[in-house]
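**Q** Residue-level listing of the chains:
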Amino acid sequence: MNESVHLSKQFDEDLTGLRTHVLEMGGLVEAQARAAIHAYASGDTAAVKDIVENDYRVNGFEKIIDEETIHVVAKRQPTASDLRLVMGITKIVTDLERIGDEAKKIAKGARRVHEHGQLTLPRATDVRHVADEAIAMLHQALDSFARLDVVKAAEVIHADTKVDTEFKALVRQLITYMMEDPRTITTAIDIVWICRSVERIGDHAKNVAEHVIYIAEGRDIRHAGKEA
Amino acid sequence: MQQIENKEVPPLKAEARSLNFFYSEVQALKNINMPIYDKKVTALIGPSGCGKSTFLRSFNRMHDLYPGNRYEGEIRFFPDNTNLLSPEVDPIEVRMRVGMVFQKPNPFPKTIFENVAYGLRVRGEKNRRVLDDKVEHALKGAAIWNEVKDRLQDLAPNLSGGQQQRLCIARALATDPELLLFDEPTSALDPIATGAIEELVHELKQRVTILIVTHNMQQAARVSDYTAYMYLGEMIEFGKTDDIFIKPQDKRTEDYITGRLS
Ligand SMILES: Nc1ncnc2c1ncn2[C@@H]1O[C@H](COP(=O)(O)OP(=O)(O)OP(=O)(O)O)[C@@H](O)[C@H]1O
Ligand SMILES: [Mg+2]
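Here the protein sequences come in this chain order: A and B.
For the first sequence, full-length UniProt numbering begins at 1 and goes up steadily by one.
For the second sequence, full-length UniProt numbering begins at 1 and goes up steadily by one.
Where hints are given, some of them may not hold.
The following label-pair restraints were derived from C-beta to C-beta distances [unchecked claim]:
(1) B/P47 to A/D50: 50 to 56 Å
(2) B/P47 to A/R147: 28 to 34 Å
(3) B/D80 to A/E3: 44 to 50 Å
(4) B/D250 to A/E67: 56 to 62 Å
(5) B/K240 to A/I70: 25 to 31 Å
What the hints contain is simulated information worked out from the structure, not anything from laboratory work.
Ideal Cβ placement from N, Cα and C applies to all residues, glycine included.
Generate coordinates for the entire structure from the input sequences, incorporating the hints supplied.
**A** Following this line, the structure appears as structure tokens:
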């Protein structure tokens, strides 16, 4: 990132404020995802209500950041690295908001599984393992945004393949349960949805990392395939 | 995708080659190499005093008007590959092919018609029909015909600032130049008149190559196909405008267009 200061101190402050809000939103979203997975893995569904209610805070951040972005564009007409930062932020915020939605879905799914379901079947530890990886991706993606560290961002992009593979393995495992004992179907489907949300969190974290590379280098590496 | 685009380089209209310029002892341009692509708009940007106007004026030999000024290097003009700076090339000839529009509209204290006809008369055109046709054509080209067609005998200085600037563009167009030089053409105009000139620049590039100096970054981004960033008499970076405004290669360009102190 360009470390020189702007002639306009106000412009510097606007951009710093924007970045801070993105990181705060990211922190909140990460905490939401962690809490949701914890609720599922531990069966402590008391937290679900809080997670669902906290989602409005995530949405609030999205609105604030969108508004701030529009103000910066209108007042400053950012160019070059400033332009890429502002454009990248609008995209990152969309991905973060979606991660928030997935966390909410996981929390609600956890409640269904634990309140009505058959706990003996699928192993929560396997799901937790993939979820930890997806959340680690998110954490690292946010870190790469904070420092505009493209090496770190590239690692996140690579990690996504692993999460995708493990997701597919989990689904195959759940399908096997369902075939052997149809009474598990309702719960197994809930768990498939949870796994699916975890996998989506990984995808969104990957998107965030791609936006970071765009901001830092002006390269659009989306849809570039494995060589990216 | 970027590479594919970079391959299709348009034909050259002109090219500065190892160009140096001296106001007597003061060197204002330092070893400038730069292409000017045919029927494209090239913007020159850079901080005050970096040599934008000096560079622009080299193209129509304006500096010849003052003794002590000195060029080194070449400005090649195509398709004929003439060196515009060669002492053998007549500056009057050059100014016929290279028109200039200044920062402040500067119509002569004559009628609207005579302002546009002036350059043609200087070149010996006396036929009234030809003059009428060419004046009308130029005024239409400068998007001011409809506003002045019924008052061609009015005095030009009575026009509004924006109209005067378009009249000056018509005057420059009258002799069918191949290259038009604009030195901050809208800095004295309001946003509406500015918009009209920018629109005009966009239309003019169908038939003429344009080199424009502007202090307005957004204007450079809006009107130009290529942008050159100058600093202390040097050409720091030249590239497609989209590339310069999204991902400049040189930190000095970046700092300038993002409004940073470097
Ligand atoms: N007639 C002159 N005699 C001596 N030095 C000159 C003359 N005209 C310009 N200069 C110097 O040459 C350098 C380039 O000037 P130039 O007018 O080309 O800059 P510019 O980029 O057009 O600046 P601005 O944005 O303020 O119009 C400056 O240092 C200026 O002081
Ligand atoms: Mg100047």
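**Q** Decide, hint by hint, whether the structure agrees.
**A** Results of checking the hints against the structure:
1. Judged by the Cβ atoms, the range 50 to 56 Å given for B/P47 and A/D50 holds: they are separated by roughly 55 Å.
2. The given range of 28 to 34 Å is respected by B/P47 and A/R147, whose C-beta atoms sit roughly 31 Å from each other.
3. Against the hinted window of 44 to 50 Å, the Cβ-Cβ separation of B/D80 and A/E3 comes to about 49 Å, which satisfies the hint.
4. Between B/D250 and A/E67, the C-beta spacing of about 34 Å breaks the proposed range 56 to 62 Å.
5. For the pair B/K240 and A/I70, the beta carbons lie near 27 Å from each other, so the given range of 25 to 31 Å is met.
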